Amino acid sequence: MARWPSIGAIAPFVLLIAVWWIVTELQIFPRVFLPGPVDVVRSFGSLVHTGILPEYLQDSMVRLAVGAFWGIAIGIPLGMLVGLSSRAHTALWPPLLFFQAIGDIAWLPILVIWFGYGLTTMTVVIVYTVIFPVILNTVLGVRSIPITMYRAAQSLGASRTRILWEVVLPGALPSIMTGLRNGLGYGWRALIATEIIVGTSGIGFLMFDARRAGSVVEILLGMIILGILWYIVDGWILAPIERATGQRWGLVTR
Amino acid sequence: MQRSITSALWFCAPFAVLLVLWAILVPYFDVSPRLLPQPGAVVRAGIEGIQDGTLIQHIGASLLRVAVGTVLALVVAIPLGIAMGVSPVFSSFLTPPLRFFSVLAGIAWIPIATLWFGYGFGAITFVIFNAVFFIVTYNTLLGVSTIPLHVRNAAASLGAGRWAMLTEVLLPGALPHIVTGIRTGLGFAWRGLIAAEMIATNVGLGYMLFVARDFYKTEVIVLGMIVIGVLWLLLDRLLLAPIERATIERWGMVQRA
Chain A
1 MARWPSIGAI
11 APFVLLIAVW
21 WIVTELQIFP
31 RVFLPGPVDV
41 VRSFGSLVHT
51 GILPEYLQDS
61 MVRLAVGAFW
71 GIAIGIPLGM
81 LVGLSSRAHT
91 ALWPPLLFFQ
101 AIGDIAWLPI
111 LVIWFGYGLT
121 TMTVVIVYTV
131 IFPVILNTVL
141 GVRSIPITMY
151 RAAQSLGASR
161 TRILWEVVLP
171 GALPSIMTGL
181 RNGLGYGWRA
191 LIATEIIVGT
201 SGIGFLMFDA
211 RRAGSVVEIL
221 LGMIILGILW
231 YIVDGWILAP
241 IERATGQRWG
251 LVTR
Chain B
1001 MQRSITSALW
1011 FCAPFAVLLV
1021 LWAILVPYFD
1031 VSPRLLPQPG
1041 AVVRAGIEGI
1051 QDGTLIQHIG
1061 ASLLRVAVGT
1071 VLALVVAIPL
1081 GIAMGVSPVF
1091 SSFLTPPLRF
1101 FSVLAGIAWI
1111 PIATLWFGYG
1121 FGAITFVIFN
1131 AVFFIVTYNT
1141 LLGVSTIPLH
1151 VRNAAASLGA
1161 GRWAMLTEVL
1171 LPGALPHIVT
1181 GIRTGLGFAW
1191 RGLIAAEMIA
1201 TNVGLGYMLF
1211 VARDFYKTEV
1221 IVLGMIVIGV
1231 LWLLLDRLLL
1241 APIERATIER
1251 WGMVQRA
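As you go down the protein sequences, you meet chains A and B in turn.
Just so you know, this note's numbering puts 70 at position 70 of the first sequence, and the rest follows in order with no gaps.
Plus 1000 on top of the position in the second sequence (first one is 1) and you've got this note's numbering.
Please note that a few of the clues may not be correct.
Just some of the chain B residues that point at chain A, by a computed CB distance under 8 Å [what the hints assert, rightly or not]:
#1 F1011
#2 L1019
#3 L1021
#4 V1086
#5 F1090
#6 P1096
#7 P1097
#8 I1107
#9 Y1119
#10 G1120
#11 F1121
#12 A1212
#13 F1215
#14 Y1216
Per the computed footprint, the stretches of chain A lying under chain B, defined by three or more beta-carbons under 8 Å from a beta-carbon of chain B, are [as the list claims (entries may be wrong)]:
#15 11 to 24
#16 73 to 81
#17 104 to 112
#18 192 to 201
Anything over 10 Å on all C-beta distances counts as not near chain B; from chain A, calculated [said to hold, decoys possible]:
#19 V38
#20 H49
#21 I52
#22 S85
#23 L92
#24 F99
#25 A101
#26 R160
#27 T161
#28 F208
#29 G222
#30 M223
#31 D234
#32 W236
#33 R243
#34 A244
Keep in mind the hints are simulated off the structure, nothing from the lab.
This structure is a prediction, so every number in the text was calculated from the model and none was measured.
No residue lacks a Cβ here, since even glycine has one placed at the ideal position from N, Cα and C.
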């Protein structure tokens, strides 16, 4: 099974880069507006050399990891609660939908007033972003467990705790993984947005700072790095995990 | 009729509880209005905003940008997606780059948009366009490529011309995916809009929030957040859900949960 990106996946990008190179060589747009691949690579080299890029990258990733961790730690239990208890569902579902509709970015101004410009604000935004897909998918997963499974476990004498650990959790796991994958995707974007608006370091900040200096090269570099990083994490790590859990617990046919 | 009223009431019930809690706890703990406003202050700010027209202006500007950007994106993305999707070679070739660009939803385009278009309507519409365009093109492509080949062959062998093929096979077949793409894209667009308006313009809901922050006018901020949430819910329930029901369920290719 092809789990690694094959030649077929790389070839289009090679063509794209070639077209990009030709467009810049022909100077269709002013060099200031659209620099070529060579400039971007050179900028990449110098940023790595000065240590800025690795540090920014690390900052971004750490923020995402912390936010994702809390989002998952809070989201999965909450999702299971809402999925299992109809009272919790009635009470919490409408606010969940509403607060999801507000969106993470809209919280930035009030978070800045409460916590200032710092790691807390950014972490809260990422947690907020990650938590909703995780909760919603956990609820979906819990509710899609066939009732016969519960009955079978109960008739075999399983206690509530065992049912939770051995029926509910594995049964919801494929959906939870989907929620995790979506949540991380949203979290990643929210991180960039937060860094652009209130950051002092990180890839998003790199792009915004470059914009202020009028340096398109670094903006393009930032965008490319973002895309590649996500492509790698999603394609090589998250999607295979999602496939593997789905196949193992066999409740989801892909 | 009775059922939908009671279910609407049940939907609002948690909010009523939250509202009551808010109205009680904020004065009880003597929370500074600079941190958290009282419900009354928010309502007053809302009424003022409507009376002097600024709230309407902001809402109008935001909605206009979303509408223009989205419509433009759809007009380009759907035909492009169908054209690309028809050929299996093209669609497998173009899928990786489209997925790549879909990730850079809206927000990552803001720096380059402001550099290329300056501040204002153009840059924000560009951000929204991108947010919608890539994901809709990708989904259209996907949708067309999942139409079973024998359906297309059957239509062709029955003598379907290119136009008939398009309107009666390709478009309906890809529609579930297209609609999913539109829904996701609109979500990206809405969030990208708010973020872009915070940095790149001087009118709109995002701007309203950001400026209020400078003056610690938390009642305006909370008002803005509620407006944003309500607007999105309205968009979703009144626009997207009916479209989904009319297309996806009608063509019966996807079961609604």
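### Message
Please list, smallest to largest, the hint numbers that this structure does not respect.
### Response
2, 3, 4, 5, 9, 10, 11, 13, 16, 23, 24, 25, 28, 29, 30 and 31
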